[in-house]
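As given, the protein sequences belong to chains A and B, one line each in that order.
At the far end of the first sequence sits residue 967, using the numbering used here, and the numbering has no gaps.
At the far end of the second sequence sits residue 401, using the numbering used here, and the numbering has no gaps.
One or more hints might be untrue.
Stated by the list, open to error - Here are the simulated EDC-like cross-link-like pairs (lysine to aspartate or glutamate), alpha carbons at most 16 Å apart as the crow flies: (1) B:LYS394 x B:ASP373; (2) A:LYS858 x B:GLU320; (3) A:LYS870 x B:ASP79; (4) B:LYS284 x A:ASP873; (5) A:LYS913 x B:GLU296; (6) B:LYS276 x A:ASP873; (7) B:LYS394 x B:ASP367; (8) B:LYS223 x B:GLU242; (9) B:LYS134 x B:ASP272; (10) B:LYS206 x B:GLU173; (11) B:LYS246 x B:ASP311; (12) B:LYS203 x B:GLU162; (13) B:LYS284 x B:GLU320; (14) B:LYS284 x A:GLU863; (15) B:LYS246 x B:ASP260; (16) B:LYS206 x B:ASP117; (17) A:LYS825 x A:ASP741; (18) A:LYS798 x A:ASP741.
Because the hints were derived from the structure by calculation, they are not lab data.
Since we're looking at a predicted model, the values are computed, not measured.
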Amino acid sequence: MKNRNVLGLIFSNMHDDVISDLTKERTMGSVLFGGRYRLIDFPLSSMVNSGIEEVGVITKSNYQSLLDHLGSGREWDLARKRGGLHLLPPFSHVASGMYRGRLEALYGVWDFIKASDADYVLLSDCDVVSNMDYDKVIDYHVSTGADITCVYANDVLTVEQAQRSTIFGINDDGRVVDVLLSPHISGTCNVSLNTFVLNKEFMKNIVLEAASRSLFSFEMNILQGRTHEYKIMAYMHDEYFSRITSMDTYYKSNMALLDSENRKKLFVENRPVYTKVRDNPPVKFGIGSNVRNSLIGDGCVIEGTVENCILFRGVRIAKGASVKNSIIMQDAVIGAKCDINYVITDKRVNVSAQRMLTGSANYPLFLGKGAVI
Amino acid sequence: MYTKKECVAMLLAGGQGSRLYALTQDMAKPAVPYGGKYRIIDFPLSNCVNSGIDTVGVLTQYQPLVLHDYIGNGQPWDLDKLHGGVHALPPFQTALGAQWYKGTANAIYQNISFADRYNPDYVAILSGDHIYKMDYNQMLEFHKEKNADCTIAVIDVPKEEASRFGIMTADENGMITEFAEKPKEPKSTLASMGIYIFTWSKLKKYLIDNENDENASKDFGKNIIPDMLGNNEVMVAYPFEGYWKDVGTLDSLWEANMDLLNPNIPIDLYDPDWKMYSRNPIKPPQYIGADAVIENSMVTDGCIVNGTVDFSILFEGVEIEAGAVVTDSIIMPGSVIKAGAVVQYAIVGENCTVGENANIGIRPEDCENRDDWGIAVVGHNISISANANVSPKQIVSENM
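Only chain A is shown next, with the shape it has when bound in the complex (with noise of 0.2 Å):
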């Protein structure tokens, strides 16, 4: 561990809007996702496991899921005197209380940042699902003496995909020369992961002016805007990721996880990720369960056929009913004899007994909380 103060910060809001359905009553970072966890538990987990011990967590609206489900941080090691887990819902001393981009964000939660004793200061958004090593971004950050350090990956995007991110043009040197916002393109691109490093003395300089000036936008009116004026650097993250850009991308990188190869990279021994405790029993396989290629969160109990799925925790499925194809969330409960393919249902969705639920491998059939069929 080397001795270096980092500061965390997590916006847990940031694209909320490319999933809405699934966003209606939470924010991005609370989406459920791999069969027992958020989606806030990648980028916090990977701070606890890169010796980030102070996190804060920006929130904007809707954020009573993530309360319930970050608590005091304690399943992150993060209940702690010195540093910890700070909740940052919006402080209104910036005119409305609710920011219109990060740097107004930022402005807003100043004083926090501003007490924390860090040198250096990560932010990330909600949208990545990896397990990265940010203790290397911080090196490269240190190393090169930039003034951002910007975290990309090489990525096959489709244009639908594109107007969803930003793409940077980097030289031979690996710094940032161009920086595009949503654009109209596809094929293979430098893709920004919405994970950045600043020094904390530079991100108070460019915080406290963009105030000043009415600048909301940290992508816009820094990256872009002063993209030669300071020197903003590119790591790249060979390792692997998936972002969650539309329900589309949501379904291909929860069934991504079937595959053993994608979850050994996501899963590593010595860098687990973390997620709130729910003291489920075990999954209980009754007589006459038929389940394959699934991957299953703790406290179900399966009766019937499930396959190529991922079950939340506490999922039932009655006997005789078969789910395949489908994302089911925590607390479902399927019925006998129901027929369920390329679903995604949300937490504590009730299928009656032989119901017919069919959805298609590009747009999955969604269920919203609580709903009873």
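With chain A's structure known, arrange chain B on it following the hints.
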């Protein structure tokens, strides 16, 4: 300044559990894994919390490392309290010298000052070797209602098994008139469950008297209960109906696990009103492979199943490789069953590796002489090499 507690629990967890052989070589019996994601001690601890008892002393002595580590600050059971909470109480040194706990009564005697700090009216004495769900608060109400000095939880056992237990004879009001520890010819079928509630002032007196009697064996069943009965103290039997199982032997540990898979046996871990708490593993969800076959089983987070699993219990992080077959068995945390291995009627301890095509145990119907049949056991942290055979009844405590 200590807040007064009406009732404090003292949990006897220092026993060796010698009849679990290799499984308790490096850990006390209450730390032995049970039921897929629990350890035996989770049951009395969860019962305490669910019953509203928030102050628990856990008396430890034999191999306490795993147990102390597991209990930690008590947070998983909500027992990390400002006032009360769970406290591990190993033997300690005093100005007069150091002593081991010489018996169940002596262990409590040596910790009188722990209980006294909370100035309790009652003390519940519990043990860490049974699987059951019980509301101690109801028992306490019963104790108060009867104006008892001592209430003993009893369960009706089959007549032929009665001589294995402490047997009570009680009158129509539940007053205990006779008590016999493991009688050859039992006069009733009311067996003591090893769960007592005492009026603390009364118990304290008997503990001190017992300690001063050099010939006494410092044991509840042998001394305290008979002594109190002899002095006509008010002693009542609290009848318990429900699942209760001693897990003191390899066979009973195996059976108690298998009971979880039997829908006709009333031990429900899925009851939201009586949650069983445990230290949860930090593992990804379990993955059941494309060619896996799994039925009638309980499996926990972190498991990877690519083989066949039937009537079995897999603890966290167990891996069953493709082509391996596990039936009627218990595989404890972190163990790997390699391809082609067959595990039947067996208990495999924590962090073991069972090599390719190895055979552990057999089905009773495949055993030529039924007297030779029994559960096969592999202790903790053991490697079984490829193609090796572990016979029924065999207990493996070294790599083979």
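We went through each hint and held it up to the structure:
no., hint, result
1, B:LYS394 x B:ASP373, "7 Å, holds"
2, A:LYS858 x B:GLU320, "14 Å, holds"
3, A:LYS870 x B:ASP79, "15 Å, holds"
4, B:LYS284 x A:ASP873, "13 Å, holds"
5, A:LYS913 x B:GLU296, "13 Å, holds"
6, B:LYS276 x A:ASP873, "8 Å, holds"
7, B:LYS394 x B:ASP367, "14 Å, holds"
8, B:LYS223 x B:GLU242, "25 Å, violated"
9, B:LYS134 x B:ASP272, "11 Å, holds"
10, B:LYS206 x B:GLU173, "28 Å, violated"
11, B:LYS246 x B:ASP311, "23 Å, violated"
12, B:LYS203 x B:GLU162, "32 Å, violated"
13, B:LYS284 x B:GLU320, "13 Å, holds"
14, B:LYS284 x A:GLU863, "9 Å, holds"
15, B:LYS246 x B:ASP260, "10 Å, holds"
16, B:LYS206 x B:ASP117, "13 Å, holds"
17, A:LYS825 x A:ASP741, "5 Å, holds"
18, A:LYS798 x A:ASP741, "12 Å, holds"
Hint check: violations occur at hints 8, 10, 11, 12; the rest are consistent with the structure.
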